[in-house]
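Following the hints, put chain B in place on chain A, whose structure we already have.
Read top to bottom, the protein sequences are chains A and B. Position 330 of the first sequence, counting from 1, maps to 330 under this note's numbering, and the rest follow consecutively. Position 23 of the second sequence, counting from 1, maps to 23 under this note's numbering, and the rest follow consecutively.
Hints were generated in silico from the structure; no laboratory data involved. Do not rely on the hints blindly, as some may be mistaken.
All copies of an identical chain are treated as equivalent in the list; a pair is satisfied when it fits inside any one copy or across any two copies.
[What the hints assert, rightly or not] Heads up, simulated SDA-like pairs for lysine to any residue below, C-alpha to C-alpha not over 20 Å straight-line: (1) Lys332 / Val251; (2) Lys318 / Thr190; (3) Lys240 / Leu387; (4) Lys32 / Val95; (5) Lys318 / Glu11; (6) Lys145 / Ala131; (7) Lys307 / Leu187; (8) Lys332 / Asn248; (9) Lys332 / Asp366; (10) Lys252 / Glu347; (11) Lys346 / Pro368; (12) Lys171 / Pro234.
Number of protein chains: 2
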Amino acid sequence: MSNLIAPHGKEERLMPLLLEGAELEAETERAKSLKQIRMTSRETSDLIMMGIGAFTPLTGFMTKADWQGVCDKFLMEDGTFWPIPITLSTDDEEVKEGDELSLVDDETGTLIATMQVSEKYTIDKEYECQAIFKTTDLEHPGVEKVMKQGKYNLAGPVKVLSESYYPEQFKGLYHRPAESRKIFDELGWTRVAALQLRNPMHRSHEYLAKIAVEVMDGVYIHQLVGKLKPGDIPADVRVKAIQALVDNYFVKGTVVQGGYPMEMRYAGPREGLLHAVFRQNYGCSHMIIGRDHAGVGDYYGPFDAQKIFNEIPKGALKCQNLNIDWTFHCYKCGGMASMRTCPHGKEDRLLLSGTMVRKTLSEGGDLPAEFSRPEVVAILQEYYANLEEKVEIKLHGAATGEVKK
Amino acid sequence: MSNLIAPHGKEERLMPLLLEGAELEAETERAKSLKQIRMTSRETSDLIMMGIGAFTPLTGFMTKADWQGVCDKFLMEDGTFWPIPITLSTDDEEVKEGDELSLVDDETGTLIATMQVSEKYTIDKEYECQAIFKTTDLEHPGVEKVMKQGKYNLAGPVKVLSESYYPEQFKGLYHRPAESRKIFDELGWTRVAALQLRNPMHRSHEYLAKIAVEVMDGVYIHQLVGKLKPGDIPADVRVKAIQALVDNYFVKGTVVQGGYPMEMRYAGPREGLLHAVFRQNYGCSHMIIGRDHAGVGDYYGPFDAQKIFNEIPKGALKCQNLNIDWTFHCYKCGGMASMRTCPHGKEDRLLLSGTMVRKTLSEGGDLPAEFSRPEVVAILQEYYANLEEKVEIKLHGAATGEVKK
Numbered sequence: 001m002s003n004l005i006a007p008h009g010k011e012e013r014l015m016p017l018l019l020e021g022a023e024l025e026a027e028t029e030r031a032k033s034l035k036q037i038r039m040t041s042r043e044t045s046d047l048i049m050m051g052i053g054a055f056t057p058l059t060g061f062m063t064k065a066d067w068q069g070v071c072d073k074f075l076m077e078d079g080t081f082w083p084i085p086i087t088l089s090t091d092d093e094e095v096k097e098g099d100e101l102s103l104v105d106d107e108t109g110t111l112i113a114t115m116q117v118s119e120k121y122t123i124d125k126e127y128e129c130q131a132i133f134k135t136t137d138l139e140h141p142g143v144e145k146v147m148k149q150g151k152y153n154l155a156g157p158v159k160v161l162s163e164s165y166y167p168e169q170f171k172g173l174y175h176r177p178a179e180s181r182k183i184f185d186e187l188g189w190t191r192v193a194a195l196q197l198r199n200p201m202h203r204s205h206e207y208l209a210k211i212a213v214e215v216m217d218g219v220y221i222h223q224l225v226g227k228l229k230p231g232d233i234p235a236d237v238r239v240k241a242i243q244a245l246v247d248n249y250f251v252k253g254t255v256v257q258g259g260y261p262m263e264m265r266y267a268g269p270r271e272g273l274l275h276a277v278f279r280q281n282y283g284c285s286h287m288i289i290g291r292d293h294a295g296v297g298d299y300y301g302p303f304d305a306q307k308i309f310n311e312i313p314k315g316a317l318k319c320q321n322l323n324i325d326w327t328f329h330c331y332k333c334g335g336m337a338s339m340r341t342c343p344h345g346k347e348d349r350l351l352l353s354g355t356m357v358r359k360t361l362s363e364g365g366d367l368p369a370e371f372s373r374p375e376v377v378a379i380l381q382e383y384y385a386n387l388e389e390k391v392e393i394k395l396h397g398a399a400t401g402e403v404k405k
Numbered sequence: 001m002s003n004l005i006a007p008h009g010k011e012e013r014l015m016p017l018l019l020e021g022a023e024l025e026a027e028t029e030r031a032k033s034l035k036q037i038r039m040t041s042r043e044t045s046d047l048i049m050m051g052i053g054a055f056t057p058l059t060g061f062m063t064k065a066d067w068q069g070v071c072d073k074f075l076m077e078d079g080t081f082w083p084i085p086i087t088l089s090t091d092d093e094e095v096k097e098g099d100e101l102s103l104v105d106d107e108t109g110t111l112i113a114t115m116q117v118s119e120k121y122t123i124d125k126e127y128e129c130q131a132i133f134k135t136t137d138l139e140h141p142g143v144e145k146v147m148k149q150g151k152y153n154l155a156g157p158v159k160v161l162s163e164s165y166y167p168e169q170f171k172g173l174y175h176r177p178a179e180s181r182k183i184f185d186e187l188g189w190t191r192v193a194a195l196q197l198r199n200p201m202h203r204s205h206e207y208l209a210k211i212a213v214e215v216m217d218g219v220y221i222h223q224l225v226g227k228l229k230p231g232d233i234p235a236d237v238r239v240k241a242i243q244a245l246v247d248n249y250f251v252k253g254t255v256v257q258g259g260y261p262m263e264m265r266y267a268g269p270r271e272g273l274l275h276a277v278f279r280q281n282y283g284c285s286h287m288i289i290g291r292d293h294a295g296v297g298d299y300y301g302p303f304d305a306q307k308i309f310n311e312i313p314k315g316a317l318k319c320q321n322l323n324i325d326w327t328f329h330c331y332k333c334g335g336m337a338s339m340r341t342c343p344h345g346k347e348d349r350l351l352l353s354g355t356m357v358r359k360t361l362s363e364g365g366d367l368p369a370e371f372s373r374p375e376v377v378a379i380l381q382e383y384y385a386n387l388e389e390k391v392e393i394k395l396h397g398a399a400t401g402e403v404k405k
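The following block holds chain A by itself, in its conformation from the complex (with noise of 0.2 Å):
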C-alpha cells in the first residue's frame, strides 16, 4: 500500500484520460473521420497533463460554470478547487454542442485527443486575465497568450490519444504521474517536496532543494520540460546540469529528477497553486515555493505565491507549500542562506543577475564557486560554446563555409 499523499479530487484517486491498446486503435481511427480543431502548444500540453493523469480529476476542458467559479472562487461547479481556467478555444463558427471534434497540435500536427462538445461559449477575456494575472497588460506573456485566444471557448470530455513527442524526447526523465508514484514508494518516501525548475540548477536551488532533503523524505525535482521561449536554455541541457549536480552534490535516494509538459503561463501566485494541485497528483505532500514563484516582470509582490495558500479555503488543496525566502551565498554566514536566515549586509553575499550569468558564460567566463558548481558551469560553457558557434554559422557560415568543432 501506498503512503503517498491522494490525488486531488473527491475521489482520491488518479484519472488518467489516456486511452490504450485497442481502445486507442479504435479511436484514433474514429478520430480520422471527425471535425478537426488545431490547438494551440498551451491548449495541446493541458490536454497531455489531463491525458497521464496530472490533472486529475479534470474530464475535460472547463464549462462555462467551471471557468467563472475558477476565476471567481477557484471552485469549479462541483466544488473541486481549481486555480486556473483549463480551457479550449476557436474562432470556429461551425463547431456546435454536440459535435465530436478531433484536436490536434497545431506546431506538430500530431492527432492529441478526441472530444465531445457539451458546451460553447464565449467568455470576458479581460475578466479572466485581471482575475488570474491581476493585470491586462499585454506586455505580460500570460495576458498575451488569453487575449489571442479564439472567440469561442469549447467544454465538454476529451479521450486522450497522444503525449507527442514528450515520452520519446524526455525519456528517463519524463514522468506520468503513477509513474512517479511508483519511484517514490519503492523507495520509501512519504513526505515529498516538490522543486519546479525552468533554469538550469545554480547553488541558490541546490539550497532550496536540500532544505527541504533535510526534512522531509525526498525531493522530486520537477523540470518544465513544455515549450521555451527562445533564448531560453534548452531541455536538454538543463537535463545534464541538473544530473551533473545530483551525481555529485546529494545522496543517492534523497532527490528524482522528472519532467513535465506544461507550459508556463507566469500567473504568479495562482499558477504557484496550479503547480501544488498538479504535484499532488505526481504523489508530492508539499510544494517548494520561492521568491517570485512562477513570476514574470513586476506584476507580483516577491512572496504573493507564497502568501495565496493561506487565502484559499482550508482543505481546499492537501498537497502543502514549502515557503523558502530568497537564497545566496553570504560571506559572512561562510555558506548558503536566505533572507530569512542571512543578518548580513548585501556587500558580503553574492548576487548575480541572470542576465550578468548569461553574458559570463557565453564569453566563456567562470562563475564562482559559490554560485554554481563547477560541474554545472562546465555544462553551461560548453552549451554557450556551442551557441556562439551557431550564431558565427548564421552570420558567417554562408561566406565561410567555417564550421569550428
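Chain B alone, transformed into the frame defined by chain A:
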C-alpha cells in the same frame, strides 16, 4: 486570539499549579505545620515544571496506575499520553494515604509545594528502568537516579508555592509557558520549532536552528538550566555564548531564547517524546530531534529518538518531530550539511569530538571558523581561562596567596 498549538491534554488549556497572591500566602503558612518530605533535585524540578504549567495536564505526582500505564503504553489511566513517569519517592515509613505534606528541595531547603497523599505504593524499579531507559545498567545516569529512589512512591495532587531560584538567577531567559506563548503571539508565529540545548551552540546547532528558521515561523532555542553534571559548561556562559551567536548570525525576530528547569534523564527516545510534550505546552508546534537526542553512552541507536515518534499512537501528541540528521561542515559542499545532504567522504568533513573541543579551548587554542563562530569561541576561551585560574587557585592559592585577575 492565539494561533499557537493547543497545550497537551484533553482540556487544551495550560494548567499551572502555582498558587498566587493570598492563596499562596495562606498555603505557605499552612505548609509550616505539615510533615516535611525532602526531595531530590529531579523531583524538585519536575514539581516546578508542574507549577508553571510546563507539565500540563498533570495535577500532581503519578499514581501506580499512571506509572504502570506510562511504562507499558505511554498512557496515563485517563488516557493522556505521557512518556516518562513523573513520580515522588520516599523511604519514610510513617507517611500514609490521606496525609498532607510539605515538599522541600533537599539541596536548597526551599519549600516548593504541598501535597495530599492519595496513594502510597511500591514499584519494580528495574521494570521502570527497562521500560523507560531500555537498560538496568547502573552506569546509566538515569537508571542510577531511579535505583537510588526511596522505597515508596507517593501520588497525589500538589499545590506549587515556589519556582526556587530559577526566575531570579535566569531572569529574562526563564519562561513560564504562558510567557513564551505571549512572545510567540506577539511575533505572529504559529509554526514554532523548539531546539533543545544543554551545550554551547556551535555551527552544527546553528545549522539545525537555521533549517528550522527556513521552513517555520521561528525557533525557540530552549536551554536546560536545571542542574548540571560537573565538567559541563555553566548556564550563564552558555547563555552568553548563544546570545553572541544569535546577535551576529540570526535575523531579528526569527529566534527566541528561553530556559527551563527540568533535569536531564538521558532516556533518549522516551525523553525526546517528553521534550515534545512540554514544548507543546510552551507553544511549539515542532520539536527538533537530531542525532542521539537526549542520549548517553551507547544505550540508544543514533536515530531511535526520531523513530519513536512513528511508534506512538496517531494523534497522541500534537507537537511534531522535525528530524534532522547528523550535521557538520563539509569542505566539498562548501558549507554546513548533514548525512542526508552531503554525499562526500569523512576526509571532506570537519568532525571534532567534544573531548577535542574542550582540550583545544582549555589550552587557549582556537576552533576553526567552520566549527564554531569566533564570537562564541572567544566567550568559551574566556571561561576556560578563568576556570584554569580557579584550578590554579585551588592548587596553589593557599601557598602563594596570589590570585591572578
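Taking the hints in turn, this is what the structure says about them:
1. Lys332 / Val251: between (27 Å within a copy, 13 Å between copies)
2. Lys318 / Thr190: both (13 Å within a copy, 19 Å between copies)
3. Lys240 / Leu387: For Lys240 and Leu387, only the intra-copy Cα distance (16 Å) is at most 20 Å; the inter-copy one is 56 Å.
4. Lys32 / Val95: within (17 Å within a copy, 95 Å between copies)
5. Lys318 / Glu11: within (13 Å within a copy, 28 Å between copies)
6. Lys145 / Ala131: For Lys145 and Ala131, only the intra-copy Cα distance (15 Å) is at most 20 Å; the inter-copy one is 66 Å.
7. Lys307 / Leu187: Between copies, since 17 Å is at most 20 Å while 32 Å is not.
8. Lys332 / Asn248: between (25 Å within a copy, 10 Å between copies)
9. Lys332 / Asp366: Answer is between; shortest inter-copy Cα gap is 18 Å, intra-copy 22 Å.
10. Lys252 / Glu347: Close across copies (19 Å), not inside one copy (36 Å); limit 20 Å.
11. Lys346 / Pro368: within (17 Å within a copy, 25 Å between copies)
12. Lys171 / Pro234: Within. Shortest intra-copy distance 15 Å satisfies the 20 Å Cα cut-off; inter-copy 60 Å does not.
In terms of the numbered hints stated before, the structure departs from none.
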